[in-house]
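Starting from the known structure of chain A, arrange chain B on it as the hints suggest.
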Amino acid sequence: MTRANRSAWRAAATAAGSVSWLLGIALAFVIGLGALHEVARVLRRAHELDGRAALARARLVADAAAWASCGQDGATRTAVGGVTATVGRDGDGIVVATSDTNGAVHRFVAPYLTGAAPGAFAHALAAATPGAVAGAVAIALPRLDDACVQRAVGAEATRVLRRDQGVALLHLEAGTDADDFVFPDRAIVDLGAAGELLLVPGHLWVPPAPQPIEVRVPSDRVVVIQGNLYLGRSLRVVGGGRLLLATVPRDGATSFADADGNGRWSTGDRLLERQRFHGPVEGAASVWCGFGPGAAIDCDGGLFVGGELHVARDVEVAGPVVLAHGVTSTAPRAQLRAAGEWCFNPERERVPGFATSGKPRPGLLRRSGAPASAMDQQTLYGARIAR
Amino acid sequence: MSHRGSEWTTRASALLLLAVVVIALLWSRADVAFARDALDARARHVQRLEHAADRSARGAVPLDVADLEQLLAPAPHVGGALAALECRR
Chain A
1 MTRANRSAWR AAATAAGSVS WLLGIALAFV IGLGALHEVA RVLRRAHELD GRAALARARL
61 VADAAAWASC GQDGATRTAV GGVTATVGRD GDGIVVATSD TNGAVHRFVA PYLTGAAPGA
121 FAHALAAATP GAVAGAVAIA LPRLDDACVQ RAVGAEATRV LRRDQGVALL HLEAGTDADD
181 FVFPDRAIVD LGAAGELLLV PGHLWVPPAP QPIEVRVPSD RVVVIQGNLY LGRSLRVVGG
241 GRLLLATVPR DGATSFADAD GNGRWSTGDR LLERQRFHGP VEGAASVWCG FGPGAAIDCD
301 GGLFVGGELH VARDVEVAGP VVLAHGVTST APRAQLRAAG EWCFNPERER VPGFATSGKP
361 RPGLLRRSGA PASAMDQQTL YGARIAR
Chain B
1 MSHRGSEWTT RASALLLLAV VVIALLWSRA DVAFARDALD ARARHVQRLE HAADRSARGA
61 VPLDVADLEQ LLAPAPHVGG ALAALECRR
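Line order of the protein sequences matches chains A and B.
Under the numbering used here, the first sequence has 287 at position 287, and the numbering climbs by one with no breaks.
Under the numbering used here, the second sequence has 33 at position 33, and the numbering climbs by one with no breaks.
Next up, chain A with everything else stripped away, as it sits in the complex:
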């Protein structure tokens, strides 16, 4: 190797040494940043998990404390596993404030329930008459709370419904004997001001139309119909609440299964509870779905049927369908589908107007206006020795 070559090799080696230095520093910098980023990610996840754990602990203790407070007067205090819950009353509701040893504070509210709602409302399809409807869960028929019904707001007083003397004659040959009510002609029927229990002292008609009727319910509502329900088109519920349409018998009226679908008691029809027919010729407490022309019916609400449910078209009901008797198809291939998209939780939710059973209890706890947790401003772990 010549001297010139040796010099070139030496220069190249020196340059490589310098480049190694630079590469090493750059690599160390990148790896250091990556490691810091990973540590930050892990700590962020730990922080999030800690927040979730604190909330779950608070919910558990708040629920136990709310249960313990039912049936007691005045504020109560419960401390379990480092979480302290103080329970007070706010009108018809229960207010629970919890705090834990890390300083996390949560606040919950729940309605006060006098007992459990009827279990029938927990099922997509339930029937009180055994074997009357295929696939239905056998239940004891829920009954209305008379005191609630007496306090309920009448349909006419709220102007949510109006009396209509002609609607029955448009759809039934001889009309009806009892009073008939319809929703007013509005784009959206607002049940917000009607109270949780709305009483209809007669039949409720929803005449056929190409578009569904939209009903706004801001919180759970029950419409008690002391007559029949005639549902001629789809019913859409908006506003965040749930709607239950309940038909109940009137004094002196008879329920029957309308085999020929003519909407009145006639030869071939089947009596449901009595030996002889009497009262209004159209009966009471029954539901006719899909009368008149139109497409399949979608009902976002739930149904409680004190008489017979008649279907003249395919009907899909999103909420619970609770039947005292059975289902009669008045047209070939017309079917009821109980979708069960929503149901009540009878143990912890009210079904307005229906009698309760069992001990008083808290309703579903809901987090309320929780102030920023003091824990959010603290480091995750106190001064503890690392393992």
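Simulated from the structure, these hints should not be mistaken for lab results.
Think of the CB as a built atom: it goes at the ideal place given N, C-alpha and C, for glycine as much as any other residue.
Treat each hint with caution, since some may be false.
[Stated by the list, open to error] Stretches of chain B that chain A covers, calculated by requiring three or more beta carbons in the stretch to come under 8 Å of a beta carbon on chain A:
(1) 14 to 21
(2) 34 to 40
(3) 65 to 74
[Stated by the list, open to error] A few chain A residues that face chain B, going by a derived Cβ cut-off under 10 Å, partial list only:
(4) Trp-21
(5) Leu-36
(6) Leu-60
(7) Val-61
(8) Gly-81
(9) Ala-116
(10) Glu-347
(11) Arg-361
[Said to hold, decoys possible] Taking CB as the label site, the calculated pair distances span:
(12) A:Gly-88 - B:Ile-23: 27 to 35 Å
(13) B:Arg-58 - A:Ala-134: 23 to 31 Å
(14) A:Gly-294 - B:Gln-47: 45 to 53 Å
(15) A:Thr-2 - B:Ala-30: 47 to 55 Å
(16) B:Arg-48 - A:Ala-79: 38 to 46 Å
(17) A:Gly-34 - B:Gly-5: 31 to 39 Å
(18) A:Val-153 - B:Asp-40: 24 to 32 Å
(19) B:Arg-29 - A:Arg-337: 51 to 59 Å
(20) B:Arg-36 - A:Arg-333: 55 to 63 Å
(21) A:Thr-101 - B:Ala-60: 29 to 37 Å
(22) A:Pro-184 - B:Gln-70: 52 to 60 Å
Same frame as chain A, but now just chain B:
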């Protein structure tokens, strides 16, 4: 120092730096992996708590106090690795 000696010093220090970087990387990786395992255990514990809270919220009877205390007991051997990370940060 001769030119050749300086060259070798440069090379050796570059190698040393790389070795330190690799060791730091491995250490950090192991630490984070350990913390992740601890976090997974913590996540499972939190999920159990959340399921219990959901069940309790829907339930027909209140939770027994003994069950509640058992549920609220801290998950064992969870915090150490994270605490180490926190301290180093």
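Now the hints, each set against the structure:
1. Interface restraint, the segment 14 to 21 of chain B with chain A: holds (6 residues with C-beta to C-beta distance below 8 Å; minimum three).
2. Check result for the segment 34 to 40 of chain B against chain A: holds, 3 residues qualifying (beta carbon to beta carbon below 8 Å, three or more required).
3. Counting residues of the segment 65 to 74 of chain B whose CB lies closer than 8 Å to any CB of chain A gives 6, so the stated coverage by that chain holds, three being the minimum.
4. Restraint check, A:Trp-21 versus chain B: the minimum CB separation of about 5 Å is within 10 Å; hint holds.
5. Because the beta carbon of A:Leu-36 sits about 8 Å from the nearest beta carbon in chain B, less than 10 Å, this interface hint is met.
6. With 10 Å as the threshold, the beta carbon of A:Leu-60 comes within range of chain B, its nearest partner Cβ sitting at about 5 Å, so the hint holds.
7. Restraint check, A:Val-61 versus chain B: the minimum CB separation of about 7 Å is within 10 Å; hint holds.
8. Residue-level restraint check for A:Gly-81 holds (minimum Cβ-Cβ distance to chain B is 3 Å; threshold 10 Å).
9. A hinted interface residue such as A:Ala-116 counts as satisfied when its beta carbon comes closer than 10 Å to some beta carbon of chain B; here the least separation is about 7 Å, so the hint holds.
10. Taken as an interface hint, A:Glu-347 checks out: its beta carbon lies about 4 Å from the nearest beta carbon of chain B, inside 10 Å.
11. Checking A:Arg-361 against chain B: minimum C-beta separation of about 8 Å stays under 10 Å; hint holds.
12. Between A:Gly-88 and B:Ile-23 the beta carbons are some 59 Å apart, a value that contradicts the proposed interval 27 to 35 Å.
13. The hint said 23 to 31 Å for the Cβ distance between B:Arg-58 and A:Ala-134, and at roughly 29 Å that hint holds.
14. Separated by about 48 Å at the C-beta atoms, A:Gly-294 and B:Gln-47 satisfy the suggested range of 45 to 53 Å.
15. For A:Thr-2 and B:Ala-30, the hinted distance range of 47 to 55 Å is satisfied, since their beta carbons lie about 51 Å from each other.
16. At roughly 21 Å, the beta-carbon separation of B:Arg-48 and A:Ala-79 lies outside the given 38 to 46 Å, and the hint is violated.
17. Remark: the range hint 31 to 39 Å for A:Gly-34 to B:Gly-5 is upheld by a beta-carbon distance near 35 Å.
18. Separated by about 55 Å at the C-beta atoms, A:Val-153 and B:Asp-40 break the suggested range of 24 to 32 Å.
19. Between B:Arg-29 and A:Arg-337 the CB atoms are about 56 Å apart, so this pair conforms to the stated range of 51 to 59 Å.
20. The beta-carbon spacing between B:Arg-36 and A:Arg-333, approximately 58 Å, falls within the hinted interval of 55 to 63 Å.
21. Between A:Thr-101 and B:Ala-60, the C-beta spacing of about 31 Å keeps the proposed range 29 to 37 Å intact.
22. Restraint check, A:Pro-184 to B:Gln-70: a C-beta distance of roughly 57 Å satisfies the suggested window 52 to 60 Å.
Comparing the model with each earlier hint shows violations of hints 12, 16, 18; every other hint is respected.
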